[in-house]
Amino acid sequence: MGNVPGKLEDENRANDVNVGPATLPRTISDTSDNSRSRRGNTSSLVNGFLRSNERNDKDGKMKTLRQRELQKEQQAKELVINYKSSVDGGYLAPFGCYSFDKLDYNAKTVKTLIKRRQLAPFYTPLQDYDASWTDEELIKIVDGLPLHSVFEENLEEFEGIPTGDLYSEQFDHLINNESGTMSKRERKKMHNLIFKARLYKKRIIWQEIQNNIFLEKKLYNKNILKKNNGTSKLDQYLPSDELKLQLYRNGKECPICFLYYPNNLNCSKCCQQPICTECFVQIKRSHPHFPHDEDDKEEEDKDPQLLTSEPAKCPYCASENFTITYKPLKDNECGYHSIPLIKFKKGSTNNKYDLTDEEDLSSVSKTDSGTDLTSNIALTSQDPLGRQQTYEITSDTIRPNWEERLKKEISKLERRSANATAIHVSNRLIQGSNGNNQESQNNLNDLEQQMIEQAIKLSLKENSPKKKK
Amino acid sequence: MASLPKRIIKETERLVSDPVPGITAEPHDDNLRYFSVTIEGPEGSPYEHGIFDLELFLPDDYPMESPKVRFLTKIYHPNIDRLGRICLDVLKTNWSPALQIRTVLLSIQALLASPNPNDPLANDVAEDWIKNETGAIATAKEWTQKYAQAKE
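So the protein lines, in turn, are chains H and Y.
Residue numbering for the first sequence is 1 to 469, as defined by the UniProt record's numbering.
Residue numbering for the second sequence is 1 to 152, as defined by the UniProt record's numbering.
There may be inaccurate statements among the hints.
Facing chain Y, a subset of chain H residues (Cβ under 8 Å, in silico) [what the hints assert, rightly or not]:
| # | residue |
| --- | --- |
| 1 | 97 |
| 2 | 100 |
| 3 | 255 |
| 4 | 256 |
| 5 | 258 |
| 6 | 279 |
| 7 | 315 |
Note that these hints are calculated values from the structure, not bench results.
From the three backbone atoms N, C-alpha and C, an ideal C-beta is built for every residue, glycine too.
With the hints as extra help, turn the sequences into a complete structure.
See below:
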């Protein structure tokens, strides 16, 4: 005992769902639409302004649509539980207590945190627990646990949505536009819906493949044990009976989902309350919204720049900036960077996992948004050997792109309000051009000036983030 | 319909096995996310001796999203409007997934005991409450008498 089985580790990696790197988004080089020059005809300027916004918007999206879809597929693949990727008897992806569309955290970051034992793994929960169960009963119940919760096969939102051949990349032919009456926007909406329905189906299939392997291996081990063929042939990735007892005897109920988990749950930093990882990944900043003193204003009078999104509060004591810490239980140690689950024996001095291995750290640092994970995790304590022990994790740690999302929301509102202004101004121009006096001419000039300023402002804003890259 | 999360099942069971004094909440047979609720008016408040009917609905995202609660019985209260909508922080921005049906209903009961006319939902009632508190309390008592009596 005491060796790090390199094989387990390698297989763990190999069996993590393979996802190729997402291609980088192309930069939009043609921005001439943004800075279109002033034309003599005011009405064409108005139209041009409206159109340029529209076109710009669409071009930007068209170029990255496929990439964004690939990104979503990649995220879905990361959320598949593989029974071979276990840390201390738990997994790297959630059991499925919350619906698939609510899993919007950065799955890669969370996986790395779990592997580094800085966040509790996703354990399979027990629906109930009764302390009077005998060891045999408890083992039987744990043996009956599925790898992932049952999927709702037919979601209402995808009712009647065709999904076609899931292995084919093309699916736009599924958009039913025989009558040719669908507008571009409707077709786009349909495209998105079909994509989502297809992804949902794929997600189920991916997980079911893993579920079946898990079941087969459980049966396989059961047969070997029955025949008394010795333990060497057993599948290494399934838990030993001692591990099942170690994990589920003396567990805890998560106060949010009311499900029963092994004892090593995450803990709120402020008030030391337990929270399971599956509930933790659901907690996030507030959706971008206007401050409450803006409530009385009309929707169009609100300044998009005022949109805010506050960090999550502690669900238990409402302290600001909800932060959790996790301390792995030495007694539960097995799996990744430790002994195989099947070899787990209670109280044996297991191999210490090597936290100095920073290989995974670097891979996470290179997440899409470029945010360095290490800078998001504050070190709270260090043992004499310099080994990092407790980390503080917030909902921003696992959603490094929250700022991007807020900015996106702001620019969306800005574009909308700019369009509204343009329409408004164009109406006034038309009204103005009916009267022929000097005053209306002045108004006309003012309005024109206003619009040009607006257009310049907007184009500057839209171009500035691109220049940074 | 989607299967019911364990949390909702356990909360419902615990509401039955360990009921809150002065409050009842029963799920409908055909929709276990929809509850019929009654709250007794708190002692010493203008709503004393009244029994108020409410409806409570647990949305799909519960407990990440707050329950939707509404008074069905007419009530004269600065933080409850004519449609029975309730202005209460824990139902909106201060909702937390660690709160439960039980705690929400207790908060509503507490709101009956201490109306807050400075953060009104029913503007006319709140104005009345600030200008003429005795009169407003009398109206609240009258409405309790008139609308919030136990059905025989």
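### Task
Check each numbered hint against the structure and report the violated ones by number, ascending.
2
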